[in-house]
Amino acid sequence: MEKAQPRTLFDKVWDAHVVERLPDGTCVLYIDRHLVHEVTSPQAFEGLRMAGRRVRRPDATIAVADHNIATSDRRAGIKEEDSRIQVETLERNVAEFGVPYFPVLDPRQGIVHIIGPEQGISLPGFTIVCGDSHTSTHGALGALAFGIGTSEVEHVLATQTLLQRPAKNLLARVEGALPPGCTAKDIVLAIIAEIGTAGGTGYVIEYAGSTIRALDMAGRMTVCNMSIEAGARAGMIAPDATTFDYVRGKPFAPKGEALERAIEYWSTLPSDPGAQYDRVVEIDATRLVPMVTWGTSPEAGLPITGVVPDPAGEPDEAKRVQLARMLDYMGLTAGQKLTDLAVDVVFIGSCTNGRIEDIRAAADIARGRHVAPGVRALVVPGSGIVKQQAEAEGLDRVLIEAGFEWREAGCSMCLGMNPDKLTPGQRCASTSNRNFEGRQGPRGRTHLLSPAMAAAAAVTGHLADVRTLV
Amino acid sequence: MDKFTTLTGIAAPLPLANVDTDKIIPARFLKTIKRSGLGVHLFDTLRFDAEGRERPEFVLNQEPYRKAEILIAHENFGCGSSREHAPWALLDFGIRCVIAPDFADIFNNNCYKNGILPVRLPRAVCDQLMEDARLGGNARVTVDLARQVVVRPNGEEIGFEIDAFRKHSLLNGLDDIGQTLQHAPQIDGYEARQRQEKSWMPAIAVV
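Going down the list, the sequences are from chains D and C.
Note that this note's numbering has the first sequence beginning at 1, numbered continuously upward.
Note that this note's numbering has the second sequence beginning at 471, numbered continuously upward.
None of these hints come from the bench; they were simulated from the model.
Keep in mind the model is a prediction, meaning the values are calculated, not measured.
Any given hint could be a false lead.
To be verified - Incomplete in silico selection of chain C near chain D, CB under 10 Å:
no., residue
1, Tyr535
2, Phe577
3, Pro592
4, Ala594
5, Gln598
Unchecked claim - Calculated Cβ distances over 12 Å to all of chain D for the following chain C residues:
no., residue
6, Arg536
7, Ala556
8, Trp558
Yeah, the Cβ is synthetic: ideal placement off N, Cα and C, and Gly gets one too.
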């Protein structure tokens, strides 16, 4: 008998979910978990209602409000009318269609990509979708997780499947011990700077190598989260003992003998020796320096020791024009040292860096120091559970004493759909994932970096090399 | 979804790479529970200044491009978020076709669900079409999906690729859900097998 072709992690999860392969190669792909939030679902539920359809698998679906809600005291309800209508619409829809929901005042509420893994709703080997591009986060568990549009949200609600074509495989192999001051965020910013914001288009990225294996689940989620900033719809990491230890005891994860059977299956998922990748990228982690972005694309990242690039050095005219536009928008001059850039706002949070480990890293820098005069620094936990945990560890006190704002869970200033936004011209050191023009508020200026680097910017008042503070 | 067969119209040149979905429609305009009415916010920050006045230098604020039905851009169009509000805003403005060297994956999918045709053509061809588009109202571009060609104002035809399934859906204005539900027995069968083989898989119920 011919030996089966070696397969990648992606191939295995994909193959296990193909319901049917259509003649042109498009597949009907089964979806194990569907996460729903208030911004990209109203039109999907409306579509079901108009067609007289029901939600096929409410028991595989979870809803939560995260994008729109205020991160100040929420007991009084939402002040902004349009935001309130979206959240109320979600509440009406989940009641009408019988979809499980974590209410705004429930401690399990939080950013959809934080609570999926935290509750054990997202599990290894699953297909997971959500109407949000950072669904790639859940790939850290060894799941195939990707963002979808609202029409696809409706499609999954109605059929529990999607029509998809298989992606290509990209292996990002990261080897070596992370130098002091470097984190998962620095790894992924370095990968995006290397392959570019469209470098992963059409691929699923599998992150592997000794550096990735050594990361905890929070770090793995940070890396997978930003796959989409490299153009890849999904990022994946092979499940291992770190993964299984993380899953064990999570509220919605299997327990006891069922968990052991699940682990037996999940242990078959890592890529086979000899599996073929369409593209391989190698990163030497030992050479990393803490990263920061200077421009309006996530690929515009540099080591903190660098200077603002000079558009004059760019041979391609279209690129030169775009570089100049970035510098103009960001209020930068070519050759300026990155550590000379004064910040107005620091934002620590988001689905990229809103987990307890991220808050610990920020608190470690904040401890015994104070936010620089004139700087506003916000810490927004990724979920109510993260907030409770941080408070149990006294991290809220450390941060508040250091002059940080300690807020309720939500997406917050990552995209400025709630009252947390930049005013025009403000410069922000942010642990979020996108530095697009206007992302954190009209004409706001975003520099992406790790939680420790963000805390360093807060206490020094400018972008700073965290290695000088530890 | 409206059918897409043949479109002849004004093409607007947008010589930018990495046009992200925040640029197509900023997040503050996503607080809607409808699909319609987003055209007024299309490219909001490029189109309007801080006081809400039109920026005359932006292509869609110029004649004849206010009536553009085709947009021509550079690499990685539609990168960023999964917001379907981006194609909804394009459609509401009147744009049914975007031509670029490549598209971000989620945006690309979202276009097909809304009867918008994303056409991938090499950069050099896009630049050529961009020059045609700069000729304005006298230079109409035709996109013929059945024959898979873009026709330049000088009559030259340029072929493009598209998946057979997507082409069929666009040409006939077919709803994906309706097509998938024809496979309902196979989905039932998959679920039955999954219940057996992955009996460890928990159900979600919030209490």
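>> Please check whether proline 592 (chain C) passes as an interface residue: C-beta within 10 Å of a C-beta belonging to chain D.
In response: violated (14 Å)
>> Just want to verify: arginine 536 (chain C) was marked as not at the interface with chain D; is every Cβ pair farther apart than 12 Å?
In response: It holds; arginine 536 (chain C) is separated from chain D by about 23 Å at its closest Cβ, greater than 12 Å.
> With a cut-off of 10 Å, does the beta carbon of phenylalanine 577 (chain C) approach a beta carbon of chain D closely enough for the hint to hold?
Replying inline: Result: holds, 8 Å to nearest chain D Cβ.
>> Holds or violated: the hint that glutamine 598 (chain C) contacts chain D, with Cβ atoms closer than 10 Å.
In response: violated (15 Å)
>> Next item in the hint list is alanine 594 (chain C). Is there a CB on chain D closer than 10 Å to its CB?
In response: violated (12 Å)
> alanine 556 (chain C): least C-beta distance to chain D exceeds 12 Å?
Replying inline: violated (9 Å)
> Is the nearest Cβ of chain D still more than 12 Å from the Cβ of tryptophan 558 (chain C)?
Replying inline: Given that some Cβ of chain D is not farther than 12 Å from that of tryptophan 558 (chain C), nearest at about 8 Å, it is violated.
> Would the stated hint for tyrosine 535 (chain C) survive a check requiring a Cβ distance to chain D of less than 10 Å?
Replying inline: For tyrosine 535 (chain C), the interface hint is violated, since the closest Cβ of chain D sits about 20 Å away, which is over 10 Å.
The structure fails to meet hints 1, 3, 4, 5, 7, 8 from the earlier list, while all remaining hints are met.
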